[in-house]
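Please dock the two separately framed chains into a single complex, following the hints provided.
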Amino acid sequence: MKRKRTLIIIICLLILGLALAAFLYLRGPLRQETELPSPASVPGGQTDAEVTQPAHEGEAKPPEDPAPGKEGGGDAPQPAAPQAQESEKPYLGNDPLLQEHPKAPELSWIKDLEVPEWSGEAYILINEGQPFFETENMSPEPWELYYDLDEMGRCTLADAVAGPETMPKEKRGNISSVKPTGWQSSQYPQELVDGRSLYNRCHLIAFGLCGETANKYNLVTGTRYFNTRGINAFENMVIDYIRETGNHVRYRVTPVWKEGELICRGQVTEAWSIEDEGDGICFCVYSYNVQPGIYIDYMTGDNHLLEGENVPAQTEEPVRPEVKEPASPEETPRGLLEEDISGDFILNTKSKKIHSADCKSAQGMSEKNRREYSGSYNELIEQGYEPDPGCRPWEPAE
Amino acid sequence: MKLILCLDDNGGMAFNHRRQTRDALQRRHLLGLVGDSLLWVSPYTGRLMLSDAEKLRPGCCRVSGDILSEAGPGDWVWIELEDPEPYIEKADSLVIYRWNRLYASDLRFDGGLLENFAFIRGGSFAGSSHEMISFEVYEKI
Chain F
1 MKRKRTLIII ICLLILGLAL AAFLYLRGPL RQETELPSPA SVPGGQTDAE
51 VTQPAHEGEA KPPEDPAPGK EGGGDAPQPA APQAQESEKP YLGNDPLLQE
101 HPKAPELSWI KDLEVPEWSG EAYILINEGQ PFFETENMSP EPWELYYDLD
151 EMGRCTLADA VAGPETMPKE KRGNISSVKP TGWQSSQYPQ ELVDGRSLYN
201 RCHLIAFGLC GETANKYNLV TGTRYFNTRG INAFENMVID YIRETGNHVR
251 YRVTPVWKEG ELICRGQVTE AWSIEDEGDG ICFCVYSYNV QPGIYIDYMT
301 GDNHLLEGEN VPAQTEEPVR PEVKEPASPE ETPRGLLEED ISGDFILNTK
351 SKKIHSADCK SAQGMSEKNR REYSGSYNEL IEQGYEPDPG CRPWEPAE
Chain L
1 MKLILCLDDN GGMAFNHRRQ TRDALQRRHL LGLVGDSLLW VSPYTGRLML
51 SDAEKLRPGC CRVSGDILSE AGPGDWVWIE LEDPEPYIEK ADSLVIYRWN
101 RLYASDLRFD GGLLENFAFI RGGSFAGSSH EMISFEVYEK I
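Going down the list, the sequences are from chains F and L.
When we follow the working numbering, the leftmost residue of the first sequence carries the number 1, and every step to the right adds one.
When we follow the working numbering, the leftmost residue of the second sequence carries the number 1, and every step to the right adds one.
These are computed hints drawn from the structure, not numbers from a lab.
It cannot be assumed that every hint is accurate.
Pairwise CB distance ranges, derived in the manner of DEER restraints [to be verified]:
id	chain 1	residue 1	chain 2	residue 2	range
1	L	Leu-33	F	Gly-246	22 to 28 Å
2	L	Ala-24	F	Gln-184	42 to 48 Å
3	L	Glu-139	F	Ser-197	29 to 35 Å
4	L	Gly-35	F	Asp-279	28 to 34 Å
5	L	Asn-10	F	Thr-300	30 to 36 Å
6	F	Pro-333	L	Ser-128	39 to 45 Å
7	L	Ser-128	F	Glu-114	37 to 43 Å
Where a beta carbon is used, it is the ideal one built from N, C-alpha and C, also for glycine.
Here chain L stands alone, though its shape is the one from the complex (with noise of 0.2 Å):
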């Protein structure tokens, strides 16, 4: 399983339920690594992602509740609310954005998930509004 977060200056994932940012440029650049796979999301980040999947890689987002449990060998799941850990160890690459901003947030990646990755590689790209987006790949040493 090929993981993907989106993580503030702080670490921070989710604030009150609901997704930190959003940015129409970054779900462009994450269907454009899902490639021909599938990309498994939940009901709530499905709401978002759908209509650009639909328009840019159509079939490939699948919207599930249980995404832990039907996303398969070499599938993407990107998370938002979910708490990472349970994915992280069942995900043997790994992708993070980062927002390059500090928003709320009472949801957060603990660094201390990474230790079992070794960082491939990474760069930025302008997004949609936000002035900077860096992204991140990692794979399980």
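The following block holds chain F by itself, in its conformation from the complex (with noise of 0.2 Å):
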């Protein structure tokens, strides 16, 4: 029995013995599944978070952006990163050209920018017309490019190949929830500025040429003069030679800020036609953001008649508007209009209704309930808004 009882705690003791080493012999491989592999262990083999860090010194960087726009971008940073030939991602890292909106590079010739005071041209010619960009070997390959607003929120830099690929296939959408800096909406007479409104929202790439509408990155304050004769200008002449051609333009716009300042000084637009090597198309202009009658003041965009300034007899009393005969029940549209309109309107949140921009009837509306909107005339109605009948807000704004 004592033998018997012997054997039994022998066999129990030979089990555990097994147990134990099976545990210390599967232990070491299931501690290393566990942990991460380090990059090293796997070749090109990186995780999503790795790629995205900046890499350190030493390490390689990302084969070159074919896109050109580099120029001038010396003193851009240029971060190294760690290869990733072999990922079957793409990669992004950290090259500002591969990003949405890169940072604008810090362009030389324009801190030695030297533009005389405006005397009566709406554009001069920069650098004998020249563009600054390097003109070799340039691809007509279409590229657009919208770098980030400084720390101003100011516009800072739009550069692009534009061909017939980039041009507009439909009209152009609303735009007027974009709120360049310096924004106001400042009304003269129509002898003193063509169509009334003192500033425009102004593409720096226009809608014609890249189909951008409302793009924050694309848009500055600029005066109706600086819009229709100082940018269109050239812009008339880039779109009808693509039309005519075919051909690629590089494109390239920068606007003019001075320091602390909300609306920009002016801008300069470079263009240069790929295909025929500029024969076409070649020029570096400096277009003025000016209004001319009329004083602005940059820091902020206030401005006001220019002392002196001969208004024309009829118009020195203030613009009042139009007083409008209410609309008939009948002529009151009920639903979204076929054809949406944009514009500023003030809203009842109250009543829900929609009233234009010069309602006198919204004038004695209360804080509480009053709303200032600028945007499309449907939204609203989508949002369950009627037009008061009095001052007829589905009809633009003259």
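Structural data, given as structure tokens:
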């Protein structure tokens, strides 16, 4: 009996020993499998998190982006990044040219730019009309790049190779949702400002070239004169050239700011036609953001008539909104407009009424219920608003 | 000499030593006006015009660096980058094409140069990339 008990104890000890041995044997490999492999241990294999991290000194840089636009960008950070040539995922890293809105490079020439005071011409030639960018071996492959806003929220740079592929296929959409720096609504007599609104939302790269609408990286506050005389004249040349030839044009626009100001002083536009090597289009110009007869405070956007400016007698009185006949119920649209309009409206959030910006009845509205709105009329209808027949907000403002 | 010019809404002819714009149908219209006569152009204009002219009016287009001296009475002259004044003095008729668009310009046509010309006729047509191109024919008084 005693021998039998001893045998049982020995068998138990043996089983325990085997179990312990098996545990120790398996323990090592199990621990290794639960640890992340080090980047060095997997050829070309990096986690997403690691790819977006700045690399350490001494590590290789990513291959250069084929898109042009790096000139003058010597001061821009060119972060080194780990090699990812064997990764199956596209490598983005920190290359400014591969990000949607990278920080604009400091263009050396813009710091040295000396522009004479405006003397009556909407634009002047810069650099004898030759663009600053490198024009050799330029590819006609189309691309667009809208650089990030600066710390004051101002546009910095827009750059593209425009061609038939980048031109819009549809009508321009509403852009009133974007309020570029210094934006305010200022009205003057038609005799002074064509269209009466002093400020326009001005595209750096025209809608007609690249189809960009409410892109805040591409819109600055500009005067009517700047827009129509200083910018459109060049945009028209490039748009019509592309339409006629099917060729491509490198097109770069740099707004020019003074420190702390919200309204740009002007912009430099450079353009160069690629297929015919500048024979069709080649210019580098500075356009003045001024309005003849009107003083502009570039720090704030505030503005007023210049002293001594001869205003035609019939417009010396403040411009008063035209008194409109209230619309009959039949005339008042009950739903969405067939062709949407956009503009400035005053909303009564309690009665859910839409008023035009110059509606007299809206002037006495309680501040609690009053809301100013810029944008699409139809969007308001979709939100349950109805138009005030008294001020006909569905009719585009003059 | 019969002079041909193209102008934008600001009387502009050219900017930064280049034409403001171009249109294939305007060139065809121009060649229709020229008919069987000679058309003199500068080397710059010739680069644009020669292939059209060879297709539609073979042999009519002459390229020269001195068209003012070489063009004879009854010949047509199309200028793009040249100062129009000396040509106007020599011209006995004038055709102005208007793009009906505003472009940048640093070479402009002074409307005062038309004071010795009388408007004869005009018209318009759709261009290949321009909505409407109009033309005006003048003759020296």
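Enumerated hints in conflict with the structure, sorted upward
3
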